[in-house]
Amino acid sequence: MADLLYFDNNATTPLAPEARAALEPFLGELVGNPSSAHNAGGRILHAVEKAREQVALMLGCETGEIIFNSGGTEGLNTAIENALDALPTRKQIIISKVEHSAVSNVVRPLARKGYRITEINVDRFGRLDLAQLNHEVGHETALIATLWANNETGVVAPVAEIGDMAKRAGAMFVVDAVQCPGKLKLDMRAQAAIDYLAVSGHKFHALPGTGALFVRKGTPYRPLIRGGNQERGRRAGTENVPGIVSMGAAARCINEHLEADIKRQTELRDMLQSGLLAKLDNVIVNGDEQSRLCNTLNVGFEFVEAEAILLMLDAAGVAASSGSACESGSLETSHVLRAMGVPFTAIHGSVRFSLSRYTTAAEVGALVDHTVKIVRRLRELSPFGREKPAPKKPADLETHKAYFATT
Amino acid sequence: MQYSEKIRDHFLHPRNAGELKDATVIGEAGSLATGDAFRLYLRINSQDVIEEARFQAFGSPTAIATSSALTEMIKGKHVDEAVRLSTRDIAAYLDGVPQERMHAPVMGMEALEDAYAKYRRLETLDEDGQSARIVCRCFNVSHGRIERAIRDHHLSTIAEVTHHTKAGGDCNSCHADIENLLARARAERARAAEEDRIRTARENARKAQPAGGIPDLQRAALIQEVLDREVRPGLAMDGGDMELVSVEGATVRVKLSGHCVSCSSSTATMRYFVEDKLRELVDPAIEVIDITEHGQELHAPPMR
Numbered sequence: 001m002a003d004l005l006y007f008d009n010n011a012t013t014p015l016a017p018e019a020r021a022a023l024e025p026f027l028g029e030l031v032g033n034p035s036s037a038h039n040a041g042g043r044i045l046h047a048v049e050k051a052r053e054q055v056a057l058m059l060g061c062e063t064g065e066i067i068f069n070s071g072g073t074e075g076l077n078t079a080i081e082n083a084l085d086a087l088p089t090r091k092q093i094i095i096s097k098v099e100h101s102a103v104s105n106v107v108r109p110l111a112r113k114g115y116r117i118t119e120i121n122v123d124r125f126g127r128l129d130l131a132q133l134n135h136e137v138g139h140e141t142a143l144i145a146t147l148w149a150n151n152e153t154g155v156v157a158p159v160a161e162i163g164d165m166a167k168r169a170g171a172m173f174v175v176d177a178v179q180c181p182g183k184l185k186l187d188m189r190a191q192a193a194i195d196y197l198a199v200s201g202h203k204f205h206a207l208p209g210t211g212a213l214f215v216r217k218g219t220p221y222r223p224l225i226r227g228g229n230q231e232r233g234r235r236a237g238t239e240n241v242p243g244i245v246s247m248g249a250a251a252r253c254i255n256e257h258l259e260a261d262i263k264r265q266t267e268l269r270d271m272l273q274s275g276l277l278a279k280l281d282n283v284i285v286n287g288d289e290q291s292r293l294c295n296t297l298n299v300g301f302e303f304v305e306a307e308a309i310l311l312m313l314d315a316a317g318v319a320a321s322s323g324s325a326c327e328s329g330s331l332e333t334s335h336v337l338r339a340m341g342v343p344f345t346a347i348h349g350s351v352r353f354s355l356s357r358y359t360t361a362a363e364v365g366a367l368v369d370h371t372v373k374i375v376r377r378l379r380e381l382s383p384f385g386r387e388k389p390a391p392k393k394p395a396d397l398e399t400h401k402a403y404f405a406t407t
Numbered sequence: 001m002q003y004s005e006k007i008r009d010h011f012l013h014p015r016n017a018g019e020l021k022d023a024t025v026i027g028e029a030g031s032l033a034t035g036d037a038f039r040l041y042l043r044i045n046s047q048d049v050i051e052e053a054r055f056q057a058f059g060s061p062t063a064i065a066t067s068s069a070l071t072e073m074i075k076g077k078h079v080d081e082a083v084r085l086s087t088r089d090i091a092a093y094l095d096g097v098p099q100e101r102m103h104a105p106v107m108g109m110e111a112l113e114d115a116y117a118k119y120r121r122l123e124t125l126d127e128d129g130q131s132a133r134i135v136c137r138c139f140n141v142s143h144g145r146i147e148r149a150i151r152d153h154h155l156s157t158i159a160e161v162t163h164h165t166k167a168g169g170d171c172n173s174c175h176a177d178i179e180n181l182l183a184r185a186r187a188e189r190a191r192a193a194e195e196d197r198i199r200t201a202r203e204n205a206r207k208a209q210p211a212g213g214i215p216d217l218q219r220a221a222l223i224q225e226v227l228d229r230e231v232r233p234g235l236a237m238d239g240g241d242m243e244l245v246s247v248e249g250a251t252v253r254v255k256l257s258g259h260c261v262s263c264s265s266s267t268a269t270m271r272y273f274v275e276d277k278l279r280e281l282v283d284p285a286i287e288v289i290d291i292t293e294h295g296q297e298l299h300a301p302p303m304r
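Protein sequences, first through last, are from chains A and B.
When we follow the numbering used here, the leftmost residue of the first sequence carries the number 1, and every step to the right adds one.
When we follow the numbering used here, the leftmost residue of the second sequence carries the number 1, and every step to the right adds one.
This is chain A alone, in the form it adopts within the complex (with noise of 0.2 Å):
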């Protein structure tokens, strides 16, 4: 697969080298159980708190404050239902309309456990409507629980301003961070008002399986998964030794090269936009512009089907995705597209392309040309492809008025 174009690194990422050094030799030479009293367990033992120590360097906060666990979804499960645990009077949860599923659908069922479920909605840029947030938190908020980083178009919320109205209010902030590290700073000591936050670590060059959760220091926790004191007792079971040492490894990455990496990611992501806006007509980049992850660019083709443009790239060896990976098969079109009011004209056509740390500008170079290459071949099959482009400058709006006074 060496000559895969992979542009879906929002659905996973391809583990970093330096992961793949830091975990082999635990896949043979190093054996024993970090909880085992003797020494081979306590060099395994050492390992995960060398880990641990990257982990929350990356994040910003002590590693007392990090615990270990299988992922970004297992994360917000626990916040979810500790944050419901800690305000028990408290009967509103609050969700943005673009969240992911391991919040949205943890928060809805509880409708039927009494609690009030409000979703606020996002502009046509994916921009979350504070006003409207600030006239729903009150003192009945429990929770508000939203994405840092949205998974699909990679608009990047504003942590500080929600985090503030929940504090303000007394409710719990429990934040979806899997899309920031490594495209994003994460400190959690500026951000005050984060109770708890998950990430997972095959999103950012780590193994799949592996996660870690942020709680602050002082906010009320009990186990979710519940058995042996692994943890500190906070997350029973085993410890995913390998995963937790590629997670530090990756960590360790990021916190070494964090600046650098954004720069460059931000750069090619930009590079790949004009290439593509420059070379093709009728094609609509969704998202906030303004304030996007460095290496997401979602796009929408009008009048192409996305799938039927990710099945040509994948033919032509290029990986990339519509909407979110844990969506496709089903025929909904995206939930974060439909809430943002995407045209129903480029809506069956948005394509996510993710970037990463090792994509490099041949890679990008090349995957516009199979893009534009692909829509044009789309477009010339598509009863619609030959239509009038929209008017784009106001002298062809001016035609246009002139026309139909005319007429």
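Derived from the structure by calculation, the hints contain no laboratory data.
Just so you know, even glycine gets a beta-carbon here, dropped at the ideal spot from N, CA and C.
Among the hints, a few may not be true.
Claimed, not checked - As a list, the in silico EDC-like pairs of lysine to aspartate or glutamate whose alpha-carbon atoms are at most 20 Å apart: (1) LYS373(A) x GLU230(B); (2) LYS97(A) x ASP290(B); (3) LYS279(A) x GLU380(A); (4) LYS6(B) x GLU140(A); (5) LYS21(B) x GLU380(A); (6) LYS77(B) x GLU51(B); (7) LYS255(B) x GLU230(B); (8) LYS277(B) x GLU203(B); (9) LYS255(B) x ASP290(B).
Unchecked claim - Derived list of chain A stretches under chain B, where covered just means 3 residues or more per stretch with a C-beta under 8 Å from a C-beta of chain B: (10) 295-306; (11) 310-317; (12) 342-356.
Assemble the complex: chain A is given as a structure, and chain B must be docked to it using the hints.
Using the frame of chain A, we list chain B on its own:
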């Protein structure tokens, strides 16, 4: 989504793609808003044979592969023969279409039927009001299209209807309507199956008898069954009943009781209704004689 090699091939290398300038007729289905659309160009000669078929399609890989396959399948065929193809034939030609994408062949057939109707100057199939009513507004799917998909593919769940027509695949607000259509189809199927069973029983009985028709005993049992199923439940609703008195050859004697006895409209109507049912389901030669002694129970219908 796992596709067959045939679908991948027809999608990546579509046959007969593009406009046909000298088309005799153009069939259309789907729309931009629903995510799938298909335009079918046919050149038809004076013998009603499709000489050339081309297409334009917007939509999923399956929609494009289906369009390509359909043009290959109908080229050289007589229009009457072409329009008799089914969505199953298209799926078979493509070595199977994923369940979730069966709406693509359905759309292909719609475009072909549209072209056929225009060519034959027929009304399109969905013009009769009720069947054109839109049930699923997300994907613009009509009552008639859902009914036909249920019937043609023996669908029994909402998920299957969604896979075949897209209806109900997004906002879910039409699920109750789809469930009603499914319930109606289930009842229809049950009735058809029951009639089939009786017909088969009749055939078998005929076969068992070398000459002279069904033996009276079997015939009587069949007649009793038809009365029990088709006639007596209706009468019971009005407080009446009908009894089978005797069967001699094709002559069937019945007796009404309860309210039926005093109901003046009943006797003649009943006799013809019962006779029609028995002729249809048992033996075309049957004659029904009503031997109720009308007047006897005139003032005293039994309490029920």
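Exercise for review: Decide if the proposed pair is consistent with the structure: LYS6(B) and GLU140(A), CA atoms, cutoff 20 Å inclusive.
Suggested key: Measuring from Cα to Cα gives roughly 57 Å; hence the hint is violated.
Check your understanding: Does GLU203(B) lie within 20 Å of LYS277(B) when you go C-alpha to C-alpha?
Key -> Between LYS277(B) and GLU203(B) the Cα gap is close to 16 Å, so the pair holds against 20 Å.
Review point. Taking 20 Å as the top limit, are the C-alpha atoms of LYS255(B) and GLU230(B) close enough?
Key: holds, 16 Å
Check your understanding: Does the structure keep LYS97(A) and ASP290(B) at a Cα separation of 20 Å or less?
Key -> This hinted pair is violated, its Cα atoms lying about 70 Å apart.
Check your understanding: Counting residues of the segment 295-306 of chain A whose CB is closer than 8 Å to a CB in chain B, do you get three or more?
Key -> holds (count 3)
Review point. Regarding the pair LYS279(A) and GLU380(A), is the alpha-carbon distance no greater than 20 Å?
Key: The given pair, whose Cα atoms are some 15 Å apart, holds under the 20 Å limit.
**Study point:** Coverage assertion for the segment 310-317 of chain A with respect to chain B, Cβ distance below 8 Å, three residues required
**Key:** Coverage by chain B holds here, the residue count being 3 at a Cβ distance below 8 Å.
Practice item. With a cut-off of 20 Å on the C-alpha distance, tell me whether LYS255(B) and ASP290(B) pass. Key: Holds, at about 6 Å.
Review point. Regarding the pair LYS373(A) and GLU230(B), is the alpha-carbon distance no greater than 20 Å?
Key: Since the Cα atoms of LYS373(A) and GLU230(B) sit roughly 65 Å apart, the hinted pair is violated (cutoff 20 Å).
Check your understanding: Does GLU51(B) lie within 20 Å of LYS77(B) when you go C-alpha to C-alpha?
Key -> holds, 8 Å
Exercise for review: Between the segment 342-356 of chain A and chain B, see if three or more residues pass the 8 Å beta-carbon test, and mark the coverage as holds or violated.
Suggested key: holds (count 3)
Review point. LYS21(B) and GLU380(A): Cα distance at most 20 Å?
Key: holds, 15 Å
When the structure is compared with the earlier hints, violations turn up for hints 1, 2 and 4 and for no others.
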